[in-house]
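From the two separate chains plus the hints, produce the assembled complex.
So the sequences go chain by chain: A and B. Take 1 as the starting number for the first sequence in UniProt numbering and just add one per residue. Take 1 as the starting number for the second sequence in UniProt numbering and just add one per residue.
Since the hints were derived computationally from the structure, they do not count as laboratory data. Every residue gets a Cβ at the ideal spot worked out from N, C-alpha and C, and that includes glycine. Any given hint could be a false lead.
Said to hold, decoys possible - For lysine-lysine, the following PhoX-like pairs were computed, each having C-alpha atoms within a straight-line distance of at most 25 Å:
| # | chain 1 | residue 1 | chain 2 | residue 2 |
| --- | --- | --- | --- | --- |
| 1 | B | Lys-473 | B | Lys-446 |
| 2 | B | Lys-115 | B | Lys-171 |
| 3 | A | Lys-341 | B | Lys-130 |
| 4 | B | Lys-446 | B | Lys-475 |
| 5 | A | Lys-353 | A | Lys-341 |
| 6 | B | Lys-462 | B | Lys-414 |
| 7 | B | Lys-264 | B | Lys-215 |
| 8 | A | Lys-353 | B | Lys-79 |
| 9 | A | Lys-4 | A | Lys-477 |
| 10 | B | Lys-115 | B | Lys-172 |
| 11 | A | Lys-341 | B | Lys-391 |
| 12 | B | Lys-171 | B | Lys-215 |
| 13 | B | Lys-462 | B | Lys-172 |
| 14 | B | Lys-79 | A | Lys-374 |
| 15 | A | Lys-341 | B | Lys-264 |
To be verified - Over 10 Å on every C-beta distance to chain A, these chain B residues come out as not near it, computed from the model:
| # | residue |
| --- | --- |
| 16 | Thr-17 |
| 17 | Thr-140 |
| 18 | Asp-184 |
| 19 | Glu-239 |
| 20 | Asp-277 |
| 21 | Tyr-315 |
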Amino acid sequence: MHHKTVAEASAALRAGEVSSRELTDALLGRIEQLDPQLNSLITVTAEQARAAADAADERLSAGQGGPLTGVPLIHKDIFCTEGVATTCGSRMLAPFQAPYSATVVERLGAAGAVMLGKANMDEFAMGSSNETSYFGPVRNPWDLEAVPGGSSGGSAAAVAARLAPAATGTDTGGSIRQPAALSGVCGLKPTYGRVSRYGMVAFASSLDQAGPFARTAEDLALLLGAMAGFDERDSTSVEHVVPDYTDGLSRSIKGLRIGVPPEFFGEGLDADVRSRVNAALEVLEGEGAELVEVALPNMELALPAYYVIAPAEASSNLARYDGVRFGHRCAEPQSLEDLYKRSRAEGFGDEVKRRILVGTYALSAGYYDAYYRKAQQIRRLVADDFRRALEEVDVIAGPTAPTPAFNLGERSDDPVQMYLSDIYTLAVNLAGLPGLSVPAGLSRGRPVGLQLIGGYFEEARLLNVAHKYQQVTDWHKQVPEGFE
Amino acid sequence: MNWETVIGLEIHTQLATQSKIFSGAPTAYGAEPNTQACPVDLGLPGVLPVLNREAVRMAVKFGLAVEARIAPRSEFARKNYFYQDLPKGYQISQYDWPLVEGGHLDIDLEDGSRKRIGITRAHLEEDAGKSLHEDFHGMTGVDLNRAGTPLMEIVSEPDLRSPAEAAAYMKKLHALVRYLEICDGNMQEGSFRCDANVSVRPAGSEAFGTRTELKNLNSFRFVERALAYEVERQIDLLESGGQVVQETRLYDVDQGVTRTMRTKEEADDYRYFPEPDLLPVEIGADFVADVRETLPELPDEKRRRFIEEYGLPAYDAGVLTATRELAEFYESAVTESGGYAKRTANWIMSEFLAYLNKDSLELADSPVTPEMLGTLIARIEDETVSGRVAKDVFEAMWSGEGGPDEVIERKGLKQVTDTAAIEAMVDEAIANNPQQLEQYRAGKEKLFGFFVGQVMKASGGKANPQLVNELLKRKLDES
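Next comes chain B alone, as it looks inside the complex (with noise of 0.2 Å):
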């Protein structure tokens, strides 16, 4: 039989504010455990909730971005559950009426198509804390600094029908939300977060089969081998005549397996009901404008001015805007090398993108600068350089010996474009290999590159190749 999977995510995106979402106190990660949580955030007697607005004007602007209806009310509610890293024995939520509702992101497919992917919801609630089970000896320690960070859930629509599309929309989402400028994205820390519902039905069919829930695929990587081994399983399952059982599976990394969490039974039952400590969250027209203002540039729009404004092929221009620093890294070179977009773009996708990773570097924290490259781009242009000893040039640069121009000065790697001078050096490989140059003449045409060989070597890769070509052949050929 043929089967359909199907696929929707929860994503949780911590919100870049600087307080938290209902308290004053500090949202830096890696601070001295406990030392960040306030009364509020300790769920104390008698404290009480409020709202900081920077966590809705977020919310906001990525509800415009995905271009979906912002609720002119909504509501927070409690969503109740005993944990020892739950301070108030309730997490503020929001359930019935969510901020932002109805919203879309397109994804782009293997086979180069797009997919228009559903956003039902998005919602503002607080993060818990974190529980340490090591170095206690039996014991769990609580951290509270995270508790009350605030956190936006996206739920998408089920529209996702392959392991590879819910990897795609990760990632698409995960550059939106960089690109607003309201997530750092950082997943080792947590502040990208992602679970997965996922059944599988018979092609064809209409409804939907039972689902479970993938927790925490903190990863790209993950989310796709974790939805791949589920939903062979499901598969098995329902071809061996059993059944899928509705629960709550984890997946465990090593053994690349998931494994069941909690069943359908064992569900905790939330009682949620609208929190009373807060009031409704009215939205007015002139909020929505104002942070309407504010949105930059989309992923989207900014990849088909690239290909519009540079010339550039569809793949180059996705990989370009994949990230808004990328993306503005891009421009800046692309201007300082006088406009050479394609070379530019070239350089970037294959040194610049090779280096960063080799180095296991963030852009920000790149040795060579858009500057740096879009000058050395230049040089290439006005032949000071070869494009082969451009990129000894980069990796000089790479290594902190400086920018381009000093690089190229300093190890005198200006090329040689003097014509007598490559011309005596073309005649020198000539005279020096008369075996070579006699089968040539024979019709061995391939021992060209010999030659060119012969004088590259003997100029220290500086000669002009394209004067070393031209003289070489005129000499080879005028017997």
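Chain A extracted, bound-state conformation (with noise of 0.2 Å):
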């Protein structure tokens, strides 16, 4: 039963070969019997799920309900939850529950998914491995040994076990492409935009994007459907037709030109990772796509700036954190910048606290221009330089991560290394670009993903690419050992 994907489960739970009760009750099961090994969830909601499916097979049972009525998935802990904990992965918000739900969970919720638990992520979403959250690392169920991808890992690693069909992710420098390739399942950052960031909670808000992870470019068309759309406590998010991402899925693919950019192909490319995504890229020529080669010039100046703003913006956005109103709160404090002082070195692990630092220098006066301004700059040349290949192409492709999951603790003392696992993923952020990552074989036993990148509002079109994608291929059927 836990095999099933989004659709697969629809359909059985739409036919009443099962009701999503017992989908419920045996995914939970498997949690409590699988998740010790990874660690994936914060917060598990049985008795809330329980009573959600319930409500969901009422309505299933009188024809009424869509595709994901009593579909079962887990959100990030990102996404605030009325009524359950909201923790972020951040020993400052373990005690916080919010009186309000993200958007993004008012809509999976509206549309009859039931939420099973809250995933384990990197702290605040920084991070790359999983190993910064104050709940510990998430495992890799591939390979305990290795990490399951960041920031979104709990999401990523619970998808790829078996332990709900499909989950919830943000994605600010590559949060959900690069798990969702390290743990061997398929995730989808939508345009800047396109989903709404209310009540999610913020790293760096030019940049945040929620999407889905499931295994199969159809399931992900299902999610996206729900959770897209204009919502007016975003201004940010775009008043912008949702289309049915499911209705073009098994387009042919043929005469599609897909970029290939000679910069996704450069030192610090790990040699299995490159053959695995060229077979990729010759399946999909096999398809009838054609590959052209693309200039992506500004690529290499894509990280520097990223990890210019992105700080810049969650020194900011963090400030919120005082321990005055909610969160964590030092004991006995006493004097306003003493609570300030413990309550923040406290509450906050050490990637957060670099991060805050190196955001607050950027912004500081007289290295703003050297710094914030020169990487707003070099931001609009990365989006140009999708801008002028899209106009030649009608997709990129490449490896999402650089190297398959890498074990855990190899990196955690060099952030540098860390940072550039995002180095494929984090330029699409800063463009605001859709970016999907798919299944596209293994590496000594690990998974390698390969990255679609499309022009803004394109999802249909990635989305296509990858279900052709999986249709002849079956890395996305693989099971990880142990969780079969």
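So, in structure tokens, the structure goes:
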């Protein structure tokens, strides 16, 4: 039962072959049994899940509901959920319960999805390995010595381990696509503004975007359809029509022009990953797509620009965690300054502190022009590179991450090595474009992901290409050992 | 040495919107602490600001009233600093790209001349909450009801040359925002707050001296006093060979002095950057045209019209147009009186304003309506009562004894214009005071007043004074 994809579960639910309650109980059982090895969930909401499943079953038996009615899923613990703790992977928010739910949570709930729990994540979404979580690291189901990627590591690991058919995540510099690649599942970062950020704890507001995890592109299409759309509570969400993303999934990709930028295949790319990605590109070529070399000349500037802009926004976004109104508060503060210093020193982990310091520095008087303003200029150059390339081709393809999953602890003392895990993903956030990662093989038993990047609001095209790829490959059907 | 004072004001006006600038919470004043703060105002995780269109409309209205440029594209920015009553750790404000730029306001100087004061910019921002230091046993209470209240900060050019000019500018601006109905102007409740930048320089010098910033000058009187103190302090310092230090100073109302609050070195680095949660504000010509349609007659235009239409002296017109409410009161009263514009002006400026002032009442709470005052003036003009008796009628109206006709009727104050009756009283007064008559006729003419008094007393004040004068004159002089 737990091997069912969203689409399969949906069909079985509607056919009455299985009830949502059965499916939910089965997955809750798996979580109880298997998650201690993975630590992919911070909170399990068994009781609420069973109630939601029962409600879904009533609707289903009345012939009501949509494709997600009764389908269990997991929310990244960055989305506020009324009545359930929202920790954002931090000690700072360990005691926090929001009096509202994120738009993403509301919309998926309204579509009938059943929340099983809240996924572990890097603290405040800052990390690429899920090792910065206050609630401990998540392990990769493919190899328990390996990280699942991050920051949405819990979501990716849970979907890979068949603890749920789907999960939500957020992607600021690769936090959906990179863990999707490292954990061998599909992950989609939509166009900036496609999905509302309301109720999603902010890391870097101009880069953050919510998106789905699942094992197939078809499932991503179902989930995105429910998540996407304008929200008057998020001024940066865009009033752009939400198509039926499942509509064109099976369209032929004959004649489709796929851009392959040499900048994605340069130094630092693992040889195995290179050959897996090249093999995947050949598969697409075999489906009739045309491979075209395109240039993204400013790509090497993306990482330094990202590590100015994202920390700058984070330093401001995280100022509200001051121990005054909610969240962690130090014991017996002696003064306002003492309250601030100790609450924040105790509440935040090292990586969060590092980024707050970097961001504060970049915005300071006398440094703003050299760092923040310069980074914004680079951001425009990077976006222009993509715009020019996408005038020549329909999608851009390459590796999602430069290496397969690394071992726990391997990069945690070297922030720069860690940041390089996102070298191929973060430029997409700077440009605000949609990006998708689809499983494209294994390297020494660890998954490799193919990244597809499209024009603004062209999620449907990415889903189409990924779906066609999955029709003729079976990487997504492979199950990590121990999680059959 | 002669010193020249240079002052620029930053005025924060609270915009009179129903809801907050970035949330739907109400802005009403005086609610129980923390009952008017929603998750957005509290800065809870994940919530986002959404700009209140009405606040933008009000700022545009102001911009048009001071003939400023309305930026077709402006931008919000975050001003980052930590304080207990600043929920997000930053204030959403405008920095590089304000909504309103380059306007002006004309003020009247004591010598009767006018002076144009430049307005550098006006921008929108959110207010912080309030810290309450009493009643918490050494701790501080935080009330976030005010957090997110829309403010418009109006920054003047350093064009003001004396504390009196600063006060005049502040008063003028205060009247303007109330005319525009974008701010209630209530200074006690903090709806209209002023900071001042002040420096002095040798007369004739082009370069500015080092300035200090004075905080929270929350009445017209304090602005003038604080600035006067600060100017004198700076001049004393410079003349004794010292230097002015750039710093922020706080005015101590009780002592009448300014004190260092923080020096330049201690000043926060606000790390402004564009607010990523809000899109730039784009304002089209249509929106501006719509707002222009809603502009009322402005104080200067109204004053000009009062001079022309009612034939009032400039001074009267200035007083009567000081607020929109008073101007409206005046115009209604004039209409009711039958068009006696100058007499109505006199009554408002003497009796009416004095009574309001004596009882510390707002115009809206006045027991005397414009209709009542206008009718009373009509009764003076049609000689139902004398001006003297009218003052008694006014006092009775003020005490709530009814309208003018009712008071005159009930108290029997109708003026006696019956010549025969007055003649009888005149005769009686002469007959009863033979000694005074003799003296008067011997040349002591100032005794005429004595006889007038006698007659008026006999009539209970109701005799028509003109008739009394005429008849007395004739009788006394007829020997």
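Consistency of the hints with the structure:
With a C-alpha separation of about 12 Å, the suggested pair Lys-473 (chain B) and Lys-446 (chain B) falls inside the 25 Å cut-off, and the hint holds. Only pairs whose Cα atoms come within 25 Å are accepted, and Lys-115 (chain B) paired with Lys-171 (chain B) is accepted, the gap being roughly 14 Å. Under the criterion of a C-alpha separation no larger than 25 Å, the hint pairing Lys-341 (chain A) with Lys-130 (chain B) is consistent with the structure, at around 22 Å. A threshold of 25 Å between alpha carbons decides the hint, and for Lys-446 (chain B) with Lys-475 (chain B) the separation of about 16 Å falls inside it, so the pair holds.
At most 25 Å may separate the alpha-carbon atoms for a hinted pair to count; Lys-353 (chain A) and Lys-341 (chain A) meet this at roughly 12 Å. The hinted pair formed by Lys-462 (chain B) and Lys-414 (chain B) meets the criterion: a straight-line CA distance of about 7 Å does not exceed 25 Å. Annotation: proposed proximity of Lys-264 (chain B) to Lys-215 (chain B) holds, straight-line Cα distance about 14 Å (limit 25 Å). For the proposed pair Lys-353 (chain A) and Lys-79 (chain B), the alpha carbon gap of about 20 Å is at most 25 Å, so the pair holds.
Proposed proximity of Lys-4 (chain A) and Lys-477 (chain A) is supported: the alpha carbons are some 10 Å apart, at most 25 Å. Proposed proximity of Lys-115 (chain B) and Lys-172 (chain B) is supported: the alpha carbons are some 12 Å apart, at most 25 Å. Of the supplied pair hints, the one linking Lys-341 (chain A) and Lys-391 (chain B) is violated, its CA atoms being roughly 68 Å apart against a limit of 25 Å. Simply put, Lys-171 (chain B) and Lys-215 (chain B) have alpha-carbon atoms about 18 Å apart, close enough for the 25 Å limit, and the pair holds.
Under the criterion of a C-alpha separation no larger than 25 Å, the hint pairing Lys-462 (chain B) with Lys-172 (chain B) is inconsistent with the structure, at around 44 Å. Of the pairs offered as hints, the one joining Lys-79 (chain B) and Lys-374 (chain A) holds, with about 20 Å between alpha carbons and a cut-off of 25 Å not exceeded. Taking the CA atoms of Lys-341 (chain A) and Lys-264 (chain B), the gap is near 23 Å; set against the 25 Å cutoff, the hint holds. Once the 10 Å rule is applied to beta carbons, Thr-17 (chain B) is consistent with being away from chain A; the minimum gap is 17 Å.
Taking the minimum C-beta to C-beta distance to chain A, about 7 Å, the non-interface status of Thr-140 (chain B) is violated against the 10 Å cut. No beta-carbon of chain A comes within 10 Å of the beta-carbon of Asp-184 (chain B); the shortest separation is about 28 Å. Interface exclusion of Glu-239 (chain B) from chain A stands, the closest Cβ pair being 34 Å apart, more than 10 Å. The Cβ of Asp-277 (chain B) sits about 5 Å from the closest Cβ of chain A, inside the 10 Å cut-off, so the non-interface label is violated.
The Cβ of Tyr-315 (chain B) lies farther than 10 Å from every Cβ of chain A, with a closest approach of about 50 Å, so its non-interface assignment holds.
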